[in-house]
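There are 2 protein chains.
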Amino acid sequence: MSEIKVITNMLKVNEEINVQNRRMLTEKGVYTINLMSAPGAGKTSILEKLISRLKGDLRIAVVEGDLYTTKDAQRIEAHGVPVVQINTEGACHLDASLIKDAIDSLNLNEIDLLIIENIGNLVCPAEFEVGEDIKVMVSSTTEGNDKPLKYPLMYEKSSAIILNKIDLTEFTNFDKQEFYKDVKSINADAVVFETSCTKDSGIDEFCLWVKNKIDENKAKGC
Amino acid sequence: MSEIKVITNMLKVNEEINVQNRRMLTEKGVYTINLMSAPGAGKTSILEKLISRLKGDLRIAVVEGDLYTTKDAQRIEAHGVPVVQINTEGACHLDASLIKDAIDSLNLNEIDLLIIENIGNLVCPAEFEVGEDIKVMVSSTTEGNDKPLKYPLMYEKSSAIILNKIDLTEFTNFDKQEFYKDVKSINADAVVFETSCTKDSGIDEFCLWVKNKIDENKAKGC
Numbered sequence: 001m002s003e004i005k006v007i008t009n010m011l012k013v014n015e016e017i018n019v020q021n022r023r024m025l026t027e028k029g030v031y032t033i034n035l036m037s038a039p040g041a042g043k044t045s046i047l048e049k050l051i052s053r054l055k056g057d058l059r060i061a062v063v064e065g066d067l068y069t070t071k072d073a074q075r076i077e078a079h080g081v082p083v084v085q086i087n088t089e090g091a092c093h094l095d096a097s098l099i100k101d102a103i104d105s106l107n108l109n110e111i112d113l114l115i116i117e118n119i120g121n122l123v124c125p126a127e128f129e130v131g132e133d134i135k136v137m138v139s140s141t142t143e144g145n146d147k148p149l150k151y152p153l154m155y156e157k158s159s160a161i162i163l164n165k166i167d168l169t170e171f172t173n174f175d176k177q178e179f180y181k182d183v184k185s186i187n188a189d190a191v192v193f194e195t196s197c198t199k200d201s202g203i204d205e206f207c208l209w210v211k212n213k214i215d216e217n218k219a220k221g222c
Numbered sequence: 223m224s225e226i227k228v229i230t231n232m233l234k235v236n237e238e239i240n241v242q243n244r245r246m247l248t249e250k251g252v253y254t255i256n257l258m259s260a261p262g263a264g265k266t267s268i269l270e271k272l273i274s275r276l277k278g279d280l281r282i283a284v285v286e287g288d289l290y291t292t293k294d295a296q297r298i299e300a301h302g303v304p305v306v307q308i309n310t311e312g313a314c315h316l317d318a319s320l321i322k323d324a325i326d327s328l329n330l331n332e333i334d335l336l337i338i339e340n341i342g343n344l345v346c347p348a349e350f351e352v353g354e355d356i357k358v359m360v361s362s363t364t365e366g367n368d369k370p371l372k373y374p375l376m377y378e379k380s381s382a383i384i385l386n387k388i389d390l391t392e393f394t395n396f397d398k399q400e401f402y403k404d405v406k407s408i409n410a411d412a413v414v415f416e417t418s419c420t421k422d423s424g425i426d427e428f429c430l431w432v433k434n435k436i437d438e439n440k441a442k443g444c
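Keeping their order, the protein sequence lines are chains F and E. Residue numbers for the first sequence follow my numbering, so the first one is 1 and each next one is one higher. Residue numbers for the second sequence follow my numbering, so the first one is 223 and each next one is one higher.
There's no promise every hint is true.
Derived pair list, reagent style DSBU-like, types lysine-lysine, alpha-carbon separation capped at 30 angstroms [unchecked claim]: (1) F:LYS71 <-> E:LYS250; (2) E:LYS442 <-> F:LYS199; (3) E:LYS227 <-> F:LYS12; (4) F:LYS5 <-> E:LYS322; (5) F:LYS12 <-> E:LYS403.
Don't read these hints as lab results, they were simulated from the structure.
I would like the entire structure built from these sequences, with the hints used as guidance.
Set out below in structure tokens:
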């Protein structure tokens, strides 16, 4: 019995279900974002802001991943969009099989944009595709500017990187120049948005980018 | 081939090496702390402050865990204490086997206090004992007060919880009362220290507590 063989097998099974999820979501015209970050970087706050701005134009649904509690799902539900809570009971990431169960419980005919809020963890969520069109990550100034090089996979795989809590920069030793240099060295194509949920800044730019991604996708006939 | 069987097996092997590490460290009179947190909560900063204060009284050594880079080990090395860097190359936690290799490369006869800085991750590090006497975790106000209930295992297993970045509380919606209530519900025995590395506050209290733990341990003949 080999551990490596089991891990390879887990990733293979995940990849098969990822492809099925992706096909199903694409067929139904659902654009899907896998939203990732460290704990407390501000995923749910960004999501609340995005829903408030875009729910008039787009039919949005959310899958909330947490080890325990339904705290985030309750916050999202208050914005009047469909939300499915996944509790992993201790597991450190969402996988394609969990997302399959979640999308089976949603009416995909009535969704334009599905956002999957992953477990707060800078490592494991980046290793598992779950059926998404793109990955977006939230980094925050209070975590320090050294995170891209220390946790490169998530930065590498994200189409957009939201640098949140930008209003707190002055109270930290966060070096913006170093951050951008390191991000560029890992992923030159990523778009970076500087946001503050407290000050409500930078969110419009991110929402416009999301809307454009959906329009481009539709124009391609996906 | 069963995945559950492999995971059970991994934990069993880890537990065997944990016991060996623990025995070795105890025999040599090395008090060992497993220091854990989310990415960017301030483990390395706390460690730098602790070393500056205690290195006159205690012979300190550090094991630095990171996926990639030697950034943190370089910061610790500048304080003139022995440090061993472990790069997990993508893995999300330290395990007993990695720590065995690290302690084999240290002269345990010349160490009173060994601090193992784990991977920045609120989930997986709490599941693997590595030979430590106690676990200490760093939480930070900028992560939000909802983390204890969302990631209970680390809070449950820690003898001390350092609430860092206390100077930034006023710029966040961190609810201290809720935080203490939730911590108490998970782990009524944990000691909580409020610290700010920027303002250099609360660190003396934590260092005194560490020193007392070591003294108590010696008095017990461990």
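Would the hint linking LYS5 of chain F and LYS322 of chain E be met if the CA-CA limit is 30 angstroms? Distance of about 24 angstroms is within 30 angstroms: holds.
Against the 30 angstroms threshold, does the CA-CA distance of LYS71 of chain F and LYS250 of chain E hold or violate the hint? Given that 30 angstroms is the threshold and the Cα spacing comes to 46 angstroms, the pair is violated.
Would the hint linking LYS227 of chain E and LYS12 of chain F be met if the CA-CA limit is 30 angstroms? 18 angstroms, holds
Compare the distance between the alpha carbons of LYS442 of chain E and LYS199 of chain F with 30 angstroms, and conclude whether the hinted pair is satisfied. 54 angstroms, violated
Does LYS403 of chain E lie within 30 angstroms of LYS12 of chain F when you go C-alpha to C-alpha? 43 angstroms, violated
In this structure, the earlier hints numbered 1, 2, 5 are contradicted, and the remaining ones agree with it.
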